[in-house]
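Each protein sequence line maps, in turn, to chains Y and D.
Under our numbering, the letters of the first sequence match residues 857 to 925, in that order.
Under our numbering, the letters of the second sequence match residues 159 to 570, in that order.
A hint or two may mislead.
Computed Cβ-Cβ distance ranges for the label pairs, DEER-style [to be verified]:
1. Y/T858 / D/P485: 31 to 41 Å
2. Y/E899 / D/E192: 46 to 56 Å
3. Y/L915 / D/A568: 43 to 53 Å
4. D/G497 / Y/A921: 48 to 58 Å
Treat the hints as calculated values from the structure; they're not laboratory data.
Just so you know, these numbers come straight off a predicted model, no measurement behind them.
Think of the CB as a built atom: it goes at the ideal place given N, C-alpha and C, for glycine as much as any other residue.
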Amino acid sequence: MTAHLRVDPIACSGHGLCAELFPEWIELDDWGYPILDRGPIPEELLQHARRAADACPKLALAIRADRER
Amino acid sequence: MTLPRLLAGVHADRPLALAEHLDVHGPLPRAGPELVDAVERAGLRGRGGASFPTALKLRGVARRNGPRAILVNAAEGDPMSAKDRVLLQSAPHLVLDGAMAAAAAVGARSVVIAVPEDAAAARAALQRAIGERPANRRLRVTAVPVAYLAGEESALIACLNGGPLKPTVVPPRPAERGLHRRPTLVQNPETLAHLALIARHGPDWFREAGTRAQPGSALVTVTGAVRRPRVLEVACGAPLASVLGGGPEPLRAVLVGGCHGVWIPGEAIASTTLDDIGLSLHGGVLGAGIVVALGRSACPAQELARTIGWLAEQSAGQCGPCRNGLPALADLLAAMVAGRAPRDAHRRLDRWGGDLPGRGACHLPDGAVRFLASGVRVFAAELAAHERHGPCPDCHRYPTLSLSGAQRRAAA
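The task is simple: from the sequences and hints, build the whole structure.
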C-alpha cells in the first residue's frame with residue numbers, strides 16, 4: 857500500500873494550515889491554496905500527513921491509500 | 159472511402175426524415191454487448207473534446223449493476239462549436255440510432271438527450287424524429303442552459319439532477335453514479351452517430367477513413383477569417399488547410415480546439431493535419447473539431463486577453479485556483495495588452511501557468527492555461543509590442559473568436 861494526499865478543491869477554502877503542518881509535501885499558491893506533491897508519501901512522513909489532514913477546518917484534505925501498482 | 163458519412167444525404171434546410179434516413183443508411187441491426195468489441199476494433203474515440211476511447215467508456219458502464227442510463231451530451235459548451243447542433247438538426251435519426259445501439263450494448267434502459275436552450279432547430283428535429291419512431295417512454299429530450307460549463311459532464315449531470323450547473327468532485331464518475339444516481343454513459347452526439355454506423359457496417363469499414371492511429375471521419379466547425387462559417391465532415395488526418403479554403407485574407411494563425419485549444423502559427427498551417435498526432439506537435443488534440451482562422455488584420459494579443467476574460471467569467475467559482483487564478487490571468491493579460499503590465503508579468507504568467515492546472519474539480523483552468531500558454535508562445539512578438547507600446551490599431555477591430563455564439567449561428 858502507498859498513501860497519497862488528496863484535496864477536495866471545492867471544499868478547500870485556503871486556510872493554509874496544511875502547508876504549515878506538512879511543508880515537505882504542501883506549498884501554497886499565490887492565493888493561499890494548497891499545491892500538493894502528487895507522489896506517494898514515505899512511511900516516515902505519514903504522521904505529518906495525518907496531522908495536516910486532521911487539522912483542515914473544511915475536512916478537505918484526505919490521505920488516500922492506493923494499492924501498490 | 160466515401161465521405162460524408164454522418165452528413166450523407168442531408169438537406170440544408172430540414173432534417174432527414176425517417177424514410178430518407180433509412181434510404182441513406184439502411185436499417186440499424188439489432189445491437190447487443192458484442193457492439194462494444196466492434197467499437198474497440200474500430201478505434202472510435204469520443205468527439206466531445208477529450209478523445210477518450212469509446213469502447214472503454216462503454217465497458218465501464220456495462221459492468222455496473224442495476225438500471226443504467228445514457229446521457230447524450232449535446233450541450234456543446236464552446237461557443238465556437240456548431241457541429242453537434244448541425245448533426246442533430248440534419249441527421250437526428252443517426253444520433254438516435256447511436257443512442258439506442260449504445261443502450262443495447264451496455265444494458266441501459268433510459269436515454270436523455272441534453273440540448274442547449276438556444277439550439278431550437280436541433281431540439282425540434284429530435285422531437286420530430288422521435289415522433290416518427292415507435293413510442294418510447296424511456297427516451298427524453300431536455301433543454302439545458304447555454305454555458306461553457308454545460309458541456310462539462312459532472313456539471314451537466316448535477317444540473318439534470320436538479321442542482322446547480324456546477325462541476326462536482328470525481329469520483330464518483332458518471333459511470334458509477336450519474337443521472338438520478340444511476341451508472342451513466344455520457345456520450346457526445348457525434349460519437350454516437352459514428353457508433354450507429356459501426357453497428358451497421360463494422361469496424362473495418364470505419365477504418366477505411368482516417369489514419370491508422372485515429373480512424374474514421376470527424377465533424378469540424380470552421381469559423382473566423384473564412385469565406386463563410388460552416389460545419390463539414392473530413393477524414394481524421396486531413397490537411398488543416400483543406401478545411402480553411404481560400405479565405406478573405408492571409409492568415410496569421412489558426413486556433414484548433416476552441417477555448418481549450420492551441421494555436422497553429424501561420425507558417426505551420428500547410429504542414430499540419432487534423433488528427434491528434436499532427437496536432438500534438440503544437441500541444442493540441444483534434445478534440446471537438448473546432449477550427450478558427452485568425453486573419454492578418456486581427457490582433458492576437460487582444461483575442462487572447464478577451465478569451466481569458468471570458469473563460470474567467472465562465473468559471474463556476476467553486477475551486478480556489480480557478481476562482482483566483484483565472485481573473486488574475488485575465489487582469490494580467492489585459493494589463494499587458496494595454497501596455498501597463500508589471501515588470502514581472504512573464505514570471506507571473508509562467509508561475510500561474512504551472513500552478514493552476516490539475517487542481518480544480520473540472521478541467522476548465524487546465525484548458526484555459528493551455529490556450530493561453532500556446533497563444534503567448536505563438537504570439538510572443540505581438541504581445542511584447544503591446545507591452546511596450548500599448549494597444550495597436552487592430553485592437554479595436556471586431557473580434558475573430560466568436561464567444562457570443564454569432565459565428566456558430568452562422569455556421570448552423
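Taking the hints in turn, this is what the structure says about them:
no.: 1; hint: Y/T858 / D/P485: 31 to 41 Å; in the structure: holds, 37 Å
no.: 2; hint: Y/E899 / D/E192: 46 to 56 Å; in the structure: holds, 48 Å
no.: 3; hint: Y/L915 / D/A568: 43 to 53 Å; in the structure: holds, 49 Å
no.: 4; hint: D/G497 / Y/A921: 48 to 58 Å; in the structure: holds, 52 Å
The earlier numbered hints are all upheld by this structure, with none contradicted.
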